[in-house]
Structure formats: structure tokens, C-alpha cells
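Please put together the full structure from these sequences, using the hints given.
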Amino acid sequence: MRIGLTYNLKPEHATGSDDFEEFDSVETIEALEEAFRACGHEPVRLGWGRPMLDALRITRVDGVFNLAEGVGGRGRESQVPAVLEMLGIPCTGPDPLAIGITLDKALGKLVAKAHGIPTAPWVVAGRGWRVGGLRYPLFVKPAAEGSSMGITARSICRNERELDSAVSRVSKYGPVLIEEFLNGEEFTVGIVAGKVVGVMQVVPRKLDEDFIYSIEVKRDWQERVDYRLVDEPNAAAVAMAIWNAFELRDVARVDVRVDRDRIHNFVEVNPLPGMHPTNSDLILLIEAAGWTYNRMIAAILGSAEERWRAA
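Residue numbers are given in the numbering used here: position 102 of the sequence shown equals residue 85, and the series is strictly consecutive.
One or more of the hints may lead you astray.
Once the Cα atoms are required to be at most 30 Å apart in a straight line, the calculated DSSO-like pairs of lysine-lysine come out as [stated by the list, open to error]:
#1 Lys96 - Lys155
#2 Lys178 - Lys96
#3 Lys(-7) - Lys155
Calculated from the structure, these hints are not laboratory results.
Quantities reported herein were computed from a predicted structural model and do not represent experimental measurements.
Here it is, written out as C-alpha cells:
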């Protein structure tokens, strides 16, 4: 099959900036192309935006492996799936509606709550917002960003002064989500082709009761954290409940954190998980579980192809 590859490429000057944190590197694109070939498929680079549209006018593809984050507001991740759906070209991952909801963390928490899945109490900072009955410490993050963008050590707020400062800092990213801080263990769950591949715990090397998996930690993960594959059926159950609630497809990574009552809470879900061959969380997880990169890509494509043939 000819498999198109859609993506936003990270600019060379992006080092140190989180503006392009979710975009992909050349190494990621090349690793995916190699994996496609290993699966017997022909990769076709499509990119994003007008170059993608221009390429699709002159190039035939049987399906698309979508990594594109898009550009703009909270609906940006829906851009490529929506265009492909309009053109009748199948792609990996969720449909435009599901992927749009997953990026908006407040909407995602509403979906989780409606399905009885535990998630920390929250509010969205807006005109006249109030903390209400939320208990300190609170956690502040962009409501519609991924890759830990906007999340730093200052995201934990213990009083009103720290909260006001954090909301002001994060508001440059758009709507701001404020939720009760969950001070228990943090897990990330990898799901491929509708099955849990493994549960990985993010363990700080320096003991810290208020550890958060911030953007600084992710950039320096080899020095600051250990990743441990663990047997956590409760975390896996939360992740699968989220997978089903959002009607996700092919691949996703779900973050889960334990609260003060030892309940596993849904934090957020990423249906476009990073695919860098050496330092993306999902790749570290699947390799710890005994999978190879090529096996994962083959499973994702196999799941998608089965759906494409049935359409």
C-alpha cells in the first residue's frame, strides 16, 4: 500500500522553545518511513496544510498515517482528519470529532465524568471565574495544549497569590484549566490496536511529594526520572474506559494519576502520541514491554487497514 504521512515539522530554530513542542522531528519522519517499508508499504510524505493538499492532487495514497498537530486553536488537531474525511481518504487515529474533544482537556474531563471515570475536580478560568469548592494545592495548565506545554514547577499553587500568577502565565496559551492537584503516583498507559501494551510509571530520581511531569523534566528525562513498567490493573482499566468513551482508534497514550484516597484518576489522553524512535514516552513504554518500533507501527497500520477495508 501507498501510505501517506501527514505531520508538522519542527523548525530547526525551535530548540528551547515550547511553541513547537508537539511538532515532529526529521528523525521521527525517517523512522516511520523505514517502518512502513519494513511492513511492505511505500511511504509518501504529505506534510500539512497547502503542501499536503498540493501533494494529494498529484499523488495517490491508499491511506494516511496521521501525526499532524495542525495550527491554530483547540480544533487544530481535527484539521487533517476532517480534510481527509471530506476527500474520502482514510487515516489512522480518531475521527475529527473525537480528536478535537481530546485536545480540549476540560471537554475531555466532562466526557470522563459522564462515563463515571474518576477525574480531579476542575474549573476553567474565564470571565468572573472562581475556585469555588476546589481544595488547595491546585494545578494549573493550558486547557488545549499537549506535550506538557505550559506545565512547569510553578504549575502547583498552594495559595491565591500563586494561583493568580500561574493563571496569568499560562493564559498566553489560551483557556486555562485549574484542577485539584493529585499527589499520588503518575502512570502512562499505552494502547495499540485496542489493547493495553503496558503501564509505565514515571518515577522522579529526587524524591518530591509534589512531583509533576513538567516540560523541563521531559526535556531532561534521562537525568531526572526513571520509567518503570508496572503491573497496575486499575490504571489500565481507566485507560481502556477512556479509549471506549472517546471511541478512539489504532493508538493512544492515557495519563493516569492517583489521588489522596488512592483512587486512579484520568488526567488526559493523547491520540497522537509522540513517535520519536528513542525518546517519546510511548516508544519507551512499548520497548520496555518487549515490543519493537516496527512491531508497533505494523500493529497500528494493521488496525487501521482492517477498518479501511470494512468501510
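Here is what the structure says about each hint:
1. About 27 Å separates the Cα atoms of Lys96 and Lys155, which keeps this hinted pair within 30 Å; it holds.
2. Note on Lys178 and Lys96: the hinted pairing holds, with a Cα-Cα distance of about 22 Å set against a maximum of 30 Å.
3. For the given pair, Lys(-7) sits about 20 Å from Lys155 by alpha-carbon distance, which is consistent with the 30 Å threshold.
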